[in-house]
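First to last, the protein sequences are chains A and B. For the first sequence, the numbering used here assigns the number 195 to the initial residue and increments by one for each residue that follows. For the second sequence, the numbering used here assigns the number 5 to the initial residue and increments by one for each residue that follows.
Honestly, the hints are just simulated from the structure, not real lab data. Take the hints with a grain of salt, since some may be wrong.
[Stated by the list, open to error] Not close to chain B: a few residues of chain A, all C-beta gaps over 12 Å, as computed: (1) R344; (2) A365; (3) V394.
[To be verified] Chain A is faced by these chain B residues, among others (derived, beta-carbon under 8 Å): (4) E206; (5) I210; (6) M211; (7) I213; (8) V214; (9) A216; (10) F230.
Backbone N, C-alpha and C define an ideal beta-carbon position, used for all residues, glycine too.
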Amino acid sequence: MVRLIDVYKAYDNGTKALKGVTMRIDDGEFVFLVGPSGSGKSTIIKLLTSEIRPTEGRLMVNGYNINTIRRGQIPHLRRTLGVIFQDFRLVEKKSVYENVAFAMRVVGASPKEIRLRVPYVLDLVGLSHKARRRPHELSGGEQQRVAIARALINNPRLIIADEPTGNLDPARSLEIMTILNKINSLGTTVVTVTHERELVNRFARRVIAIDGGRIISDRTGGYYSQ
Amino acid sequence: MRRYEVGYFFQEGVRGIFLHGFMSFAAVGVIAACLLIMGSVSLLAVNIDITIKEIQSQNEILVIIEESYSEAEANSVGTRISRIDNVADRVFVSKDAALEEFGRKLNNNFLLEGYEDEDMNPIRHRFVVQLRDVSQMRETIRELEDLTGVAAVNAEVGITDFILSIRSVVNAVSLSLIAMLLGVSVFIISNTVKLATFYRREEIGIMRIVGATNTFIRWPFVVEGFLLGLMGALLAFFVQWTVYNYMSVRVTGVIPIFSLAPFGDILIFVLPVFLLFGFVVGVLGSVLTIRRFLRV
Ligand SMILES: Nc1ncnc2c1ncn2[C@@H]1O[C@H](COP(=O)(O)OP(=O)(O)OP(=O)(O)O)[C@@H](O)[C@H]1O
Ligand SMILES: [Mg+2]
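Chain B extracted, bound-state conformation (with noise of 0.2 Å):
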């Protein structure tokens, strides 16, 4: 053997060891780019319904009653409140009642000193008003408005607006971006057994010659897809465990509104869909890609 012929060989294994090397180091890249970018949106979608829960629960609607009216006129008006649909609970609060919360609030009775007596009381009966469904916020009120003997409605409907609009654009781009990126790592899965294939098909051909079956011949590659998957999971849950902790001080710092789930809580779904989805990918990927290669 001459010695630039062990030098071509070298040369050559070397080479393939890194072209092949490149290519693992870059599927799990993508896996974990993948499904840090899916992660990241089903969070944020998961924060978003989380929030509108709390909002549904804390931003409660006030129907303040025509001052005119008397308590038991005020709770007739009630009645004709519970009766609309998208109305979960109402609650009365009293002329008296209100005052006295009021003055809790601001803990200072000096202020309320001279209102005491019923006629000189500024503020009105109302109703504390929870709704079944927010996003429907606009239509209630407007059916609340229409009801006689309700002077006014009070709500935080901007707040509201906002974060349903959040939600349907985030949910609609999850939705497109997941499947897109399932497609996409299954391409470089694919791709990057192919070439682990082409590397080696001088082996696989005698692999095939000497009479080994396809399943014997697959199962490396199905090994690497699924290891592949798994590396990218892994990487891509601890990526995901730091950056969603970094994100939940600064937004909550940023935005006081918006409650983030603390990650320990979210952390028993998020890691299983991660291996899950690396696993379905990696070795989708190979098995994919093989049949192709075993076919003949």
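If we strip away everything but chain A, and leave its shape as in the complex, we get (with noise of 0.2 Å):
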């Protein structure tokens, strides 16, 4: 679950990226965050990955009180969270799998553990057979795909993807966008920012839309206009 309450987020340099933002997104919701360059959609998924600190206003997410949040119960924070990016975000010298299986080593997980896990979530974002693979030997769609299983790969319970599919063709977007979906109809929340409006109305989902740093509108249903 994520609440934010009344939040405001000044960066170091004045500028004020957030100006009051009241959002509440229940376990199990899809979400999709929209809303023109620069206002404030990046700076949303940050705090709540804890990688900044709201300047204002109160700020929750499964259960931890990121206001509050001790820099140690950060790495516990995020294991409940899988992140995704429109870089990918790789680690290049690292096979499809190990860059999967390294995800799992982090957090402590046996190597049985480990051997048990990754075919499966492997499998859920159909790339198996590309296991072996490096990063740079495959298409931006399965790179992306990669991302994705690592990002499940921990059995989170809440997904925050910061634009998935920018990097993407059509075709390879709307695949992502399917298997996100397919991960949320198995019961993990699902927050994607996103710029494409196709995709938005496609899916007909909740849509929170953002503007200089506030919401402009929190609609159910698909369709947003720029």
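Since each chain sits alone in its own frame, please combine them into the complex, following the hints.
Next up, the structure:
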């Protein structure tokens, strides 16, 4: 569960990225976060992952109070999240399998758990046959699927994706969104930032629109205008 | 994936490995060099101390008593000699005993013929004096000379002074060098690790986002620093060993009074000190660097 109450964020250089954002996302929801460039979407994402702290306002993620979270607790918060980026962020020198397994190793999973879980998740994103490949041997869409597999591997309660389809053609974008939708149908909450109107309309889910650091609309059923 | 992209990734990967490899090599070299300089200076200081002790026990002062003094009179001078603070020990050698010893040293009794007669003995009563602290040799000699009944004081002040002044220079130099080199080594390790972290910054970013604790991220770098330290220490140790053995032959050949302890005797001290230094520098360098990196 995500809860923002009157959240303000001013960056060190004085840029006011968020000017009073209040939202609530319940477990099991699928939410599109939309808005023009510079409106504050990524800022919200970074607040959710505790990469940055709010200047004002209250913020709860999966039961962690981000306002008062201790530094040592941040890794534990992040283990309840799966984060996906526009630029995939895979480790180039590791194979697809290793990129996914690595995220389990980080949280201290045993080799046996890893051997059982990684093939399962790779199968979920349709990449079982490319487990031994390196990221640069894959297409953009495949790389993003590796990133999704990595985000899923530790069974997170919430998937956060910041423009996961930003580097992909429409067909690949649809593929990725379909996978995220499938993940959501299996019970995981999904929050995804996107610029792609067609996708948003096609899936007809809850859409939160942001402009100038404020929420300008929050409706279920798709469609947003820029 | 286009061919130029594959080529670029490959090139970047190789470049990164080489960049990092070179820094690791440099770090090991610097640690080893620092240890070698420190080690050589310390070993020099240790050996100078050993030599000074040797001189202290060998280089006795001869206090020659006035020719007119009888044995009893000479002994009263002896009591006054032992009252001087810096005198550790005094041994009386009578005219006759001194002559006899002189003859034994020459191994030629013929030369002594004709001197057996008491009055003909050209050698005077004397005391062989040992000092507590050679560095105050000059003052003590002056005190001895001031005693009535003392005709002359013989001592090798020159050599003692020379070695003492070397010791104070070496001590000062070694202390400042050690402090400086410690700083330099930590700095170099820190830079190596900084480069390694920079090279792996994306990996670290990914680790953080999937929920790795700082400890988990730090460990590989700590181990890296530790290994760099270990390699530097071992390299320095073996080079030190070789250089020391070579130098001890050389030095003893040139300055016979300079007695060098065999490396085997000091090896058990040198190795742990080097290893400790290597570990401390390696681990400290990486931990300090990583700490800055992990803040956020
Ligand atoms: N680290 C930063 N320091 C200072 N200002 C920042 C920083 N990051 C973002 N900003 C500013 O905050 C505002 C919101 O940025 P944010 O990245 O949240 O926008 P966005 O909605 O994600 O845009 P885009 O769609 O282009 O990704 C922008 O004006 C941006 O310039
Ligand atoms: Mg953004």
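Here is how each hint holds up against the structure:
Not every CB of chain B is more than 12 Å from the CB of A:R344 (nearest about 7 Å), against its label as outside the interface. Against chain B, the non-interface label of A:A365 holds: every CB pair exceeds 12 Å, the least being about 18 Å. Consistency note on A:V394: stated as away from chain B, and its beta-carbon is indeed over 12 Å from all of that chain's, at 25 Å minimum. A distance limit of 8 Å between C-beta atoms decides the matter here; for B:E206 the minimum to chain A is near 7 Å, and the interface restraint holds.
Using the Cβ-Cβ criterion of 8 Å, the hint placing B:I210 at the interface with chain A is satisfied: the shortest such distance is roughly 5 Å. Taken as an interface hint, B:M211 checks out: its beta carbon lies about 6 Å from the nearest beta carbon of chain A, inside 8 Å. Taking 8 Å as the C-beta contact cut-off toward chain A, the hint placing B:I213 at the interface holds, the least distance being around 5 Å. With a cut of 8 Å, the hint placing B:V214 at the interface with chain A holds, because the nearest CB-to-CB distance is about 4 Å.
This hint holds: B:A216 has a C-beta 4 Å from the nearest C-beta of chain A, less than the 8 Å allowed. Taking 8 Å as the C-beta cut-off, the interface hint given for B:F230 is violated, the closest approach to chain A being about 21 Å.
The structure is inconsistent with the numbered hints 1 and 10, although it conforms to all the rest.
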